[in-house]
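Novice: Chains as they are written, first to last, in this note's numbering: chain W, 1023 to 1290; chain Y, 23 to 306.
Hints are not guaranteed to be accurate.
Unchecked claim - The calculated label-pair distances, taken between Cβ atoms and stated as ranges, are: (1) Y:209 x W:1041: 51 to 57 Å; (2) W:1144 x Y:35: 27 to 33 Å; (3) Y:144 x W:1045: 27 to 33 Å; (4) W:1045 x Y:77: 39 to 45 Å; (5) Y:77 x W:1136: 53 to 59 Å; (6) Y:62 x W:1041: 50 to 56 Å; (7) Y:140 x W:1278: 54 to 60 Å.
Note that these hints are calculated values from the structure, not bench results.
Heads up, the beta-carbon is just placed ideally off N, CA and C, and yes, glycines get one too.
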Amino acid sequence: MSAGYPSQALDQVIAAAPKRSWLEIFLWAVFFLVLAWSWQGAEMAPLTLIRDSENMATFAADFFPPDMTEWRLYMDEMVVTLQIALWGTFLAIIFSIPLGLMSSDNIAPWWVCQPVRRVMDSARAINEMVFAMVFVVAVGLGPFAGVMALFIHTTGVLAKLFSEAVEAIEPGPVEGVRATGANIFEEIIYGVIPQVIPLWISYSLYRFESNVRSATVVGMVGAGGIGVILWESMRGFQFQETGAVMLIIIISVTVLDMTSQQLRKRFS
Amino acid sequence: MDNAIQVTGLTKHFQRSNIALHDISLRVDSGEMVSLIGPSGSGKSTFLRHLSGLTLADNKSESNITVCGQNIQRDGHLNKHIRRHRSNIGLIFQQFNLVRRLSVLTNVLLGGLSHMPWHRSCFALFNRDEKQQALAALERVGLADFAWQKAENLSGGQQQRVAIARALMQKASVILADEPIASLDPASAKQVMDILRDINREDKTTVIITLHQVDYAIGWCDRLVALKQGKIWFDLPVNEVSPSKFSALYGQSETLSEVPSEMRKESKPVKSRTSPRRKARYVA
């Protein structure tokens, strides 16, 4: 029922709906133009997928059945991979707490906040793999290079996420703590940290998940873990072994993701 | 009698709001219970925040604020030892400003931070004596049974009583309450006012309360200081104020005659507008 409104009046209201502006149409046009332009740059060739499908089927078949004879070695390396991810994330969390606070503009003065943010930006901008290659040169082949690579990159990410949480806190409780005569550290410990801790835990767990995934590939440049075996078996055309390694990675990452997701649910 | 609060020449302008204070001078004696009243935007909350050094006066003004003999700010500059001086001033907020995720007892213990050495305060190592004091403060506001609950699980009135316990823990000689009952129901409001009155009577603590509701000011305070448009409109003992004073203060719409005198303590408080969320800078 239109509750007494003449339908003409309703039509008028509908007609008064805001018109799609020219700017909006223009922006959509730009978006599609950029998509078309990037098609060229990315040399998109979906037809090859169909044309070469036979080749790919043959290649994929080489991975089966996965060759599990060396499973014990793979499991050992998978554990090393998790250990790399664990230490990389742990160190990053420890360093991100002060660095995150220092890059929050409601805690730190601009002359601390801006420089710290820029350093964190660069830590974040460069991919783990690049850091892994750098650290392989610096500290030699092996898992420690992987830990350092994950640690530097993750610190850049977590410091940013931590500071965003800090910038969104309620000012009231902090003022309440300040009014008791507390100093700046006490204000942070009692007024800020309790407000952000659930988010911080959730972000840290999420980064651990993604670091486990990253740790499986840093080995490709020699920074330890299961990636080393993955790369060697691929280069040696031992595709059945590669298949086995991939299977182990898929299972471990899935189990960890699910566990961590359950944990994160408790904190958000 | 020694004076608890001495304010001279306080002037404050804000860039983006019309609330301002113009050359305010006020003296409050130790042990007084004073209410600051006035219409919204009259500057009463702003005035109170100056007393705790949370807001600074205009820095070209020749202002001076002293609380219990300790300078808080002069000419718009905070005292160097402001944090130590603040511990002597208990501040109660309209929105309670408890740390919601911490337990009630921890919130009260925060009142004692400034008396603790830093190596204990930074790791939340409160000793038995401090915990007993905090529990005693909670007992006094009738909330000892709630000690281990999270602050966020308490009702508004209970949270405000926890905030008062925190001020008690500070052993403050002055309590400043900024619209302490504006977000509370009438029964809780009465309870909070009773507790503040009791602290004033028993401990001889100087209490200054900004209030939206004239009836509470008359019912619980000894002296009323009215602010209007950033100036002191009148400053009188409670028994000398007359309805005509209030009609002049609030305009015709809100006169005392709306509030029957015997009903004052039960009358319904008007919900006040919460202050706009500010992005506070945490470096004082």
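Novice: Now tell me, hint by hint, if it's right for this structure.
Specialist: Each hint tested on the structure:
1. Under the hint 51 to 57 Å, the C-beta atoms of residue 209 (chain Y) and residue 1041 (chain W), about 54 Å apart, fit the expected range.
2. Restraint check, residue 1144 (chain W) to residue 35 (chain Y): a C-beta distance of roughly 42 Å breaks the suggested window 27 to 33 Å.
3. The beta-carbon spacing between residue 144 (chain Y) and residue 1045 (chain W), approximately 53 Å, falls outside the hinted interval of 27 to 33 Å.
4. The beta-carbon spacing between residue 1045 (chain W) and residue 77 (chain Y), approximately 43 Å, falls within the hinted interval of 39 to 45 Å.
5. Restraint check, residue 77 (chain Y) to residue 1136 (chain W): a C-beta distance of roughly 26 Å breaks the suggested window 53 to 59 Å.
6. For residue 62 (chain Y) paired with residue 1041 (chain W), a C-beta distance near 40 Å fails the hint of 50 to 56 Å.
7. Range check, residue 140 (chain Y) to residue 1278 (chain W): about 40 Å between beta-carbon atoms, so the 54 to 60 Å window is missed.
The structure fails hints 2, 3, 5, 6, 7 (numbered hints given earlier, in ascending order).
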